[in-house]
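Required output: the full structure, derived from the provided sequences and hints.
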Amino acid sequence: MRFNFITIIAKRSMLILSMSMLLLCMFIYSCTTDPEITNWYNEDEYAAGGATTLYEATSGAFSTPAPNLSATAFEKHMAGDVSFESIFVTAPATNNAGLGPIFNDVSCVRCHTLDGRGDKPSVFRVSIPGTDAHGGPNPAPGFGGQLQDKAVFGVLPEGKVDINYVEEFYKYPDGSNYSLLRPVYAISDTYISLPPGTMLSVRAAPPVFGLGLLEAITEADILAAADEFDLNGDGISGKVNYVWDVVSATAKIGRFGWKANQPHLDQQTAGAFSGDMGITSTLFPTESAYGQIQDDGMGDDPEIDFEFLDITSFYTKTLAVPAPRGLEKPNVMLGKQLFFEIGCENCHRQKWTTGIATGIPELSNQTIYPYTDMLLHDMGPGLADNRPDYLASGSEWKTRPLWGIGLTAVANGHTRFLHDARARNLEEAILWHGGEAEKATTAFKNLSAGERAALIAFLEAL
Amino acid sequence: MVNTQKILLSSLILSITLLPLSSCKEDDPTDIETYDFQPILNHLAQHVITETYVDLHAKSISLVSAVTTLQTSPTAINLEAARQAWRDTRKPWEQSEGFLFGPVSTKGIDPSIDSWPVNVVDLEAVLGSGAVLSKEYIDGLEGTLKGFHTIEFLLWGEDGEKTVDLFTAREFEYLIATCQSLESNTNELQNSWNVSGENFQSEIAEAGEDGSMYVSQKSAMQEIINGMIGIADEVANGKIYDPLSQLDVTLEESRFSANSKADFIDNIRSIQNLYAGLYMISGDGVTTFIVSENSELNALVEAQMQNAIDLIDAIPGTFTEAIFENPDAVTAAQESVRQLQETLQSQVKPLIDAI
Chain A
62 MRFNFITIIA
72 KRSMLILSMS
82 MLLLCMFIYS
92 CTTDPEITNW
102 YNEDEYAAGG
112 ATTLYEATSG
122 AFSTPAPNLS
132 ATAFEKHMAG
142 DVSFESIFVT
152 APATNNAGLG
162 PIFNDVSCVR
172 CHTLDGRGDK
182 PSVFRVSIPG
192 TDAHGGPNPA
202 PGFGGQLQDK
212 AVFGVLPEGK
222 VDINYVEEFY
232 KYPDGSNYSL
242 LRPVYAISDT
252 YISLPPGTML
262 SVRAAPPVFG
272 LGLLEAITEA
282 DILAAADEFD
292 LNGDGISGKV
302 NYVWDVVSAT
312 AKIGRFGWKA
322 NQPHLDQQTA
332 GAFSGDMGIT
342 STLFPTESAY
352 GQIQDDGMGD
362 DPEIDFEFLD
372 ITSFYTKTLA
382 VPAPRGLEKP
392 NVMLGKQLFF
402 EIGCENCHRQ
412 KWTTGIATGI
422 PELSNQTIYP
432 YTDMLLHDMG
442 PGLADNRPDY
452 LASGSEWKTR
462 PLWGIGLTAV
472 ANGHTRFLHD
482 ARARNLEEAI
492 LWHGGEAEKA
502 TTAFKNLSAG
512 ERAALIAFLE
522 AL
Chain B
2 MVNTQKILLS
12 SLILSITLLP
22 LSSCKEDDPT
32 DIETYDFQPI
42 LNHLAQHVIT
52 ETYVDLHAKS
62 ISLVSAVTTL
72 QTSPTAINLE
82 AARQAWRDTR
92 KPWEQSEGFL
102 FGPVSTKGID
112 PSIDSWPVNV
122 VDLEAVLGSG
132 AVLSKEYIDG
142 LEGTLKGFHT
152 IEFLLWGEDG
162 EKTVDLFTAR
172 EFEYLIATCQ
182 SLESNTNELQ
192 NSWNVSGENF
202 QSEIAEAGED
212 GSMYVSQKSA
222 MQEIINGMIG
232 IADEVANGKI
242 YDPLSQLDVT
252 LEESRFSANS
262 KADFIDNIRS
272 IQNLYAGLYM
282 ISGDGVTTFI
292 VSENSELNAL
302 VEAQMQNAID
312 LIDAIPGTFT
322 EAIFENPDAV
332 TAAQESVRQL
342 QETLQSQVKP
352 LIDAI
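Taken in sequence, the protein lines are chains A and B. Under the numbering used here, residues 62 to 523 are what the first sequence spells out, in order. Under the numbering used here, residues 2 to 356 are what the second sequence spells out, in order.
One thing to keep in mind: the hints can contain errors.
Only pairs whose alpha carbons sit at most 25 Å apart, straight line, appear in this in silico DSS-like list of lysine-lysine [stated by the list, open to error]:
1. 350/B with 137/A
2. 60/B with 163/B
3. 211/A with 108/B
4. 232/A with 221/A
5. 108/B with 221/A
6. 136/B with 221/A
What the hints contain is simulated information worked out from the structure, not anything from laboratory work. Keep in mind it's a predicted model, so treat the numbers as computed, not measured.
Below you can see the structure in the form of C-alpha cells.
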C-alpha cells in the first residue's frame, strides 16, 4: 500500500488543509470504529522476524537466540555466542591468541554492544583513488583498507581519528528549532606518512540481529526491487552493489555493511575479525598488517579455524528479531501512515518474504518486516563519506533496517544513529537524510509538530 | 496572514493528535497490568542492585589500601591480607552478575572490571618497559591488562603459588595502579545507579511510567528474571561445564586464586538476592510475586537455589583439582544449577510473561 502525496507538497497550505481535514475525520471516531486509521494497524506486523520474533522489550532485545531454533541450531548458536564475546589477547597465549598486532577493538561485542549499535565511531575505512583488482576500494599503501587506531604493546597504532562536532542550528517551517551535529574528521599521529589523497570513512557498529533473514532474501527479489536508473520516475534509484566474494571468487550482490560491500555473513564476519581485531581466518588468512613494517611475522595464521568463524557467523544469522510494541496506539498508527505517505517506505521497505536459507530452515520462507530495500541510495552531500566502495559512490549508502530501532535505548543505553553515530536521536537521523530522501525529509519538516512526533513514535514502536 | 493561518491549523492538528492519546488509554491492551510490580522493582533497584554496587566500591577502596600496605611492607601476612581484600571485592562483583544489564553493559564498564583472559604477553612487556605505571596509564589500557583477573594474576602468579619475595618493584606499582583503576570503575558503576548520581535505578523503579526506558513494569521484571536465568546458564553451561567437559584448567575463570567455587556460589547468591529481595536490607523480591501465584513453585525455587549452593560448596578441594579428581561432585553441582535455570526459565518466567 503506497500513497503518494508528494506531489501535493509543493502546495503546502493545501497539504496542511487537507491533512487537517483528514486528521479531523480520523480522530473523531478514532477510539471506536474509524476504519481510516485502524487500516494502518496490522496485527501480523508484530511478528517482525516471522517465527524468529522475540516478544520482549528488555536489554536482551538484540541478543536473544531466535525462539524457533532446533536443539542442534540452538547449541551452535550458544557456542557462537561465546565466540562473539571472546576477548582476544596478544599471541602466544593459551586462550584467544592472535590479537592485532594492530586493531580497532578486542572482541565483537565491544563495538556491537549487546549485539546492537555502537554509540560512537569504532572503525575507520581508508583508501586512495582507484580500485583494487576486483573493483573494490584501493588500499592506502602502508595502511590497507582500514586505519587501526590501537595496537598490542610495543607496536604503534596506524594513527588516530580526531572527531570534532560542529553544532548547526535550524528551524522547521513551523518555526520550531532543531540542531544537528556535523562531524569533522582528521587523521593524526600516523605511524608513517599518510599517502596523498587518502579517503576516510568513519563507521559505528550496526546491530547484528536478524541478519540471517536478510541473507535469505532471494537475489531475484532484490533485483526486482532495484531501479538504478529510476525508470519509474519516482526520484528514487535503488541500486545493487556488486562486490567480491572471496569464497566463490566471483562478484556477488552486496548485502551487508553500511555500503552493502559484503556479499554474505561469513565474509562480513571474517572481514571484521581481520580488519577490526587483527584475527586471521580461513577466509582472510593474511594479517591486516601484512607487508607493513610492524607485521608480527609469526606465521601462526589462520588464528581462528573455520569452525570458530562459522559459529560466530551463525550466531549473527540466528539472533531473534524483537517485536514492535503498541502498534495499535493511535499516534503510532498515524506515524505509520505518515511514514508511508511522505515516502519513507519507498526505501525503508516494510515487508519481504525470505527464500530458502541453506542449512537453517528456521529462517526459510519467513514473512519479515525489516524496513529496508537492501539497496544503495544517494543520501546527499551531508551524509557522504566521499569514499567509493565497489559500485557505491561516495554519497551512496545501503538502506538500514529499522526493525528494533526503538529498543536502542533499553538495549544499548543510547540513541545515536546513522553510519557514524552522529545523530543524537531518531529525529536528527531523519533530518540528515538528503539526496534521494530529500523529498521525504522536506515533507517531514513540513509536518506539524504533532505529526512529526507521531512519526517518531512509530519508529520507537518498531 | 498565511503564516498565522498555518500556525492555527498546525496547533489544531496538534491538539487533535494528542487528544486520543489520553482518551484511548483504557482500550490499549498492552497497558493492562494485573499485578503491581512497583514495590518489587523499587526495592530490587534501590536496595539489592544499587547496594551491591555501593558495597563493591567500598571493598575496592579497601583493596587499594591493602596492596599499598603490601608495597610498603611486603610480608607474607600483608600478601594474604591483599589476597583476602581481592576475595572480599570479588564477592559483591560476583553477586552482581545476576543483573548484568544497564550501565555495566552499555557503558562498557564490565570489560574494564572483569575481562578474561589476561593478556600475559602484553602484561610482561609493560612490566618490562619504562612506562610510568600510574592509574591514568592503566585506565588507558585494554580490559585484559587490568581488572580482577590481572590483579589476581599479579597477586597469586600463574601457578597460584607466588610468594612475597617474588614481587618486583614494578609489579607493586602496577598492582596499586590497577587497583586504583578498579576503584574508579566500581565508583562509576555505583554512581550510575545511585540516586545521587546518574540514577539508573529510577529506570527500573519507575518502569512503565512516561519517559521510562522500560515500556512496562512487566518489561522491567522480565529484565530481572532474564538476568537471573542468564547467570544460572553461565555458571552451569559455561563456567563449570567448559573446564569440566574439556578437562582444561585454562578455561577456569578464577584459577590463579583458586576462588572459582566462591565465584559460583556468589553467582547463585546473586540470584537468591534478587529472588528474596535481600542485600543488607530485606524487602520485596521476585518471591513476593511468585508466592502470590504459586507457593509450591516458590518453595521449589528456594530449595533449588540452596541446593545449588550446597552442592558447589560440597565439591572437595579446589575446582581445578576437582574436575580431575571428583568429576561426579562437579557434575552434580553443575546439574543442580542447570535445574535451577530450568525452573526459572520454564516456570517462573512464564508467570511474568503472562501478566
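Hints versus structure:
Taking the CA atoms of residue 350/B and residue 137/A, the gap is near 24 Å; set against the 25 Å cutoff, the hint holds. Taking the CA atoms of residue 60/B and residue 163/B, the gap is near 23 Å; set against the 25 Å cutoff, the hint holds. Taking the CA atoms of residue 211/A and residue 108/B, the gap is near 20 Å; set against the 25 Å cutoff, the hint holds. Taking the CA atoms of residue 232/A and residue 221/A, the gap is about 35 Å. The hint is violated against a cut of 25 Å.
Among the hinted pairs, residue 108/B with residue 221/A is consistent with the structure: their alpha-carbon atoms are about 22 Å apart, no more than 25 Å. At most 25 Å may separate the alpha-carbon atoms for a hinted pair to count; residue 136/B and residue 221/A meet this at roughly 23 Å.
Hint compliance for this structure: hint 4 alone is broken.
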